[in-house]
Amino acid sequence: MTILTCGLHDPKAGLQWLSDKHSKKLLSMFDQVVVSASSLTDKPYLQRLSDQGYIVHRRKKNNITTSYLEAIKQAYALNPDTILYCDFDRAMHWVHTQAKELSCVAKHIEPTGYFIGMRGPKEYATHHDALRYTEELPNAIISDFMGESSRKDYLSGCYGFSHAAAEFIIKNLSFKSWATFGEWPLIMKKNGYPPTYAVCKGLAWENANQHQEEVKRAGSVNAYREQLSTPAEWKRRSEMALEFVSSLILKP
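Those letters in the sequence shown? Residues 1112 to 1363, per this note's numbering, in order.
Rather than coming from a laboratory, the hints here were simulated on the basis of the structure.
Here are the simulated SDA-like cross-link-like pairs (lysine to any residue), alpha carbons at most 25 Å apart as the crow flies:
1. K1218 to L1180
2. K1172 to H1322
3. K1154 to K1184
4. K1301 to G1258
5. K1132 to E1234
6. K1327 to P1342
7. K1282 to R1169
8. K1218 to Y1187
9. K1327 to W1316
10. K1263 to F1279
11. K1218 to Q1143
12. K1327 to H1238
13. K1263 to E1344
14. K1233 to K1312
15. K1287 to M1351
16. K1172 to N1283
17. K1312 to G1125
18. K1312 to A1236
19. K1123 to K1327
20. K1132 to H1168
21. K1346 to A1241
22. K1154 to A1188
23. K1171 to Y1187
24. K1312 to L1248
25. K1327 to D1198
26. K1233 to D1255
27. K1346 to I1360
28. K1346 to S1357
29. K1172 to I1281
30. K1154 to E1181
31. K1184 to E1278
32. K1312 to R1336
33. K1287 to T1177
34. K1136 to S1273
35. K1233 to R1348
36. K1233 to A1309
37. K1300 to A1275
38. K1233 to T1341
Starting from the given sequences, assemble the full structure and let the hints guide the process.
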């Protein structure tokens, strides 16, 4: 049994138009789809997702980093053979643009029990500059610590696990800060779960799907994307970039 588990934060139900369109297709690709939603996500929208066939959990706290672990735990409790984690907005964009690819991606989990879906150069180029450029260095640093000969993408938000690997994560990782994303692949590799990688076209930028009104006000998707790279966003993303690798490079 393969379960897709997704984090969701959607206070204005901005994804409803897309999930109404594609939920039947997405649900047909996996044995179960779990949605682990933030406390601020629109309640009627969550009820709608539940009615459509999703297993919906509403988190008590809106902590982004711990939400990953909660989503994995919720899927693991259903006793699957494999788990694919992907944020719900990304999963919706994926099924909207590259449905065939998404339907096959879980096969990459099997070789090692640990899979990382990556954004290639074309997929990364679709993201706003403040995200794209501040993730390059931490990805390069983590890749170096992993002993990889080329830069990988550890920050995509798309990960797959065998049952045993998921159990290991639940027992050994805390997800208390963004630093977990730098530590996670190294800990997995050291404990017998070297990652399998695959570039996924469906992991192109998804943000505009959820913010259709903002896109309309901006005049186009490109204009909306450019508006996102504000000084405050550059600062936030730069601080995240340091935190991603802080436990690797700031050790005494």
